[in-house]
Structure formats: C-alpha cells, structure tokens
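Peer 1: If you read the sequences in order, they're chains X and P.
So the first sequence is numbered by the numbering used here: it starts at 724 and just counts up by one.
So the second sequence is numbered by the numbering used here: it starts at 908 and just counts up by one.
Treat the hints as calculated values from the structure; they're not laboratory data.
Please note that a few of the clues may not be correct.
[To be verified] Pulled a few chain P residues facing chain X out of the computed Cβ check, cut under 7 Å:
#1 Leu973
#2 Ile975
#3 Leu1014
#4 Ser1057
Every residue gets a Cβ at the ideal spot worked out from N, C-alpha and C, and that includes glycine.
Residues per chain are reported as follows:
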Amino acid sequence: MSETPVTEAELQAHVDGRLPPERSAEVEAWLADHLDEARRLSSYRSQRDALRAALDPVLDEPVPLALDLRIGEAARRRWTGGRPLVAASAAGLLLLGGAGGWTLRDWSAPPSVGTAGLAREAISSFAVYASDSTRPVELAADHQRALDGWFSERLSRPVSAPNLEAAGLHLIGGRLVASEHGPAGLYLYRNAAGESVALYVRPMEVEKTDRMTSRGEKGVRGWTWADDGLGFGVFGSAPDAYLHDTANLVRAQFRKA
Amino acid sequence: MRTPTDMIELVQPLVPALRRYARALLRDRDDADDLVQDVLERAVARWHLRQGASPRPWLFAILHNLAIDRLRQRGRRGVPLQLDAVPEERLAAPASQEASVEQADILTLISRLPEEHRSVLLLIGVEELSYAEAATVLGVAQGTIMSRLSRARERLRRMAEETGGASLRPSLRIVS
C-alpha cells in the first residue's frame, strides 16, 4: 500500500491513463480498497468512451474540398467561392462531376482505408462466413496450429488465435480472406448460446496504430483498433458491451504476445 | 499567398480531428466545416507566427476561440446554444439505430454543460491533448484544467444518473 496520499488530480490522470506505471499500480491498489471511488472512475471512463464513439465517425468522413490544403488555395477559393460552404461544396462537386463522373464517385465512396476500411471488410466477411452452415471455416479448431501458421505466413508476422474462454467463446476455426489490402485472417468463435463472433486481422500499411473504435453496419456491430502495424476487428450480432469486452480480451492477449 | 509545403504536411492530417472538435462544439456539420475553413485560412496567414514544436495545440486554440465567437453570435441572434433539434444525420453518420440513440444522449448531455466544462472533456477525452496542451488551447493554468476536468466529469455523471444514464452504463473494462 502506498504511503503517498492519492490526489483527485491523480485519479483524473488515472482515468486518462497518464500516470507513470509505478504510480498507476499504487493508485490501482488504493482503488481496490475504495470501491466507491473505483466506481466513480469507471463511470468517467464510460463517459469518455461514449463521447468517442459518438464523435469518431467524423474522422471517417471524406474531407470536403474546401478543407483540403493540398489542392491549393486558389483552387479552393475557386471551388468554394465564398460562403456558405454548403452551397459552395455542392457547386464544387458539380464542377468535378462535369470533369469526370468517376471523381464524384471517389469523393462520396465509403472509406476503404484505415480501420474504417478494415471494419467494412470484417463486416462483409462475418456476414458471408458466420452464417454459412456448410463450411464456415476452411480449417477447424482442431487444426489451430496449422491455421495459426498459415495466417502468420500470409500476414508476414506471428499470429495466433486468442483464447476467449473468459467471454464464453470457443474457437471453431478460420480461413484466409482476400481484401483490397492483401490477405486477411478470419477466426470464428461461438458461445454456448450459438452466437458467432469473428476476429478479423490484417496488416495496416498507413495507420499503424489506432485506438479502439465502435463500428456497425447492417445489423453487424463490433470494434476495430490497430496496434503496431496490425489491424483488428471483432464483429458479431451480440450486444455491444459483450463485443467490447471480447475486443479488450483480444487486444490484451496480442499485446502480451 | 501560397500554402507552404511543410504546413500542408503538418496540418492536413489534423483536419479530421479539427472537424470532430468543431462538430462537437457547434453540433452542426456545415457550420463546423465552415469554421474549420476559417481556421485553415488563419493558419495559412499566420503560419510564420506560430510557436511551439507541434501545430496541434496552436490550431485547436484558433479553432476554440473562433468557435466561442460563433456560439456568442448565435446567442445574440437568438439561436439557442443547445441545438437539440439538429437532425441526427447532420451530427455524424450513425453506426446503427441503437448506437445512434446512445450517441445522441451523450452529445445532448454535454451540450447542457457550461462551455468551459464541455471543452475540457472534449480536448482531453476525445482529442487526447496533454493537460499542458489543453491549458495552452484554453489559455488557463494546468491546475485549472485538472479542476475543470474533475468538476465536468462529476457533473456529467450526475446528469446521466438523473436521466437514467442508459448510455453511460459502466462496462467491464479489462484493459483501460
């Protein structure tokens, strides 16, 4: 137990993960004896996560022409021509549309890069394979060593199926899937209630690290993140909190490996 | 005036985050993007005047001050500061029906906080600025940031409890 009293500023910094490791451990120990305070901090973390989940989708939106410094100020002016931006950007898109229809499509297409792109791939893979009653996986869990070896070779880094028993999930197997960024590994898990959860993993070329972000589309929900050049997606149709806990389990095991 | 290349390299990657902070403060996509455009114009004009190694706090400070001006103008024009009536699709693309309800809740809740509390929650929690950077952006001492952060979080927690707090249910976190 720590001799130094814990301060409110330290508790706030603890919520933000900004305490030095030794002090963080001391504060953790103190919180174990102060459950009301621990609950209060946990509520602050939930607030922060809810705020991020609400606002992070803005990052995945295409950046409007008027906010793209690379196209040059004169061109931006010409396109936007003054206020308001709404009308101006619509005019800008018309101009582009005149120059070539494909350009317009590029601006309005859903994101294909970053963890937003990974989320779309993972959701499609989950939708196709988790519901396949004939052959959801290429290699079953009793060949896990071969499966891990296959993924590690194709993704050019050591990958192995995490143990998700703590979330009541057991591995049923996996398969290699194609993405526009190259090969990706898909592990499928199932719980006692028969719910499937997919873990999708592939290398990230540009955004090598990204925090955990809530995603969802067409009734499939999940979480994405990237650590050290490897991108992850945990998806399913189970409740969001359950998927979040599962994603945290996966992340912890890959960080330890 | 030409946009310097080093500026493009340093500033363009920050545009999505600037849009996010502007959207959270103004709660309207078009207003927020219009504001970010103002920020970029000022940044181009004053690039040679910036101080500090990272342009991030500098840009957020410009954005924050312009946003406060706009919110005051809205107040003077009689437009309510809390735009609860803004259509959901203008706030952000909702991930799913259920998620969008929760997200609207938290955004509505923070819109009821005093501006100084809302800013500190966003700059620290969402934009992940350091405490020192947030102090620079808001033009206050770091100690003030810490006490505002503490008060803002507690206030939000109480508000969430009073309104049922479905969106803020504590979830089991294995990794913080």
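Peer 1: Double-check Leu1014 (chain P) for me: the hint is only fine if its C-beta lies closer than 7 Å to a C-beta in chain X.
Peer 2: It holds, given that the least Cβ distance between Leu1014 (chain P) and chain X is near 5 Å, below 7 Å.
Peer 1: Checking hints one by one. Is Ile975 (chain P) an interface residue toward chain X, by the C-beta closer than 7 Å rule?
Peer 2: violated (19 Å)
Peer 1: Closer than 7 Å between Cβ atoms is the bar; does Leu973 (chain P) clear it against chain X? Give me holds or violated.
Peer 2: violated (14 Å)
Peer 1: Against chain X, run the beta carbon of Ser1057 (chain P) and see if the smallest gap drops under 7 Å.
Peer 2: Holds: closest Cβ of chain X sits about 5 Å from Ser1057 (chain P), inside 7 Å.
In this structure, the earlier hints numbered 1, 2 are contradicted, and the remaining ones agree with it.
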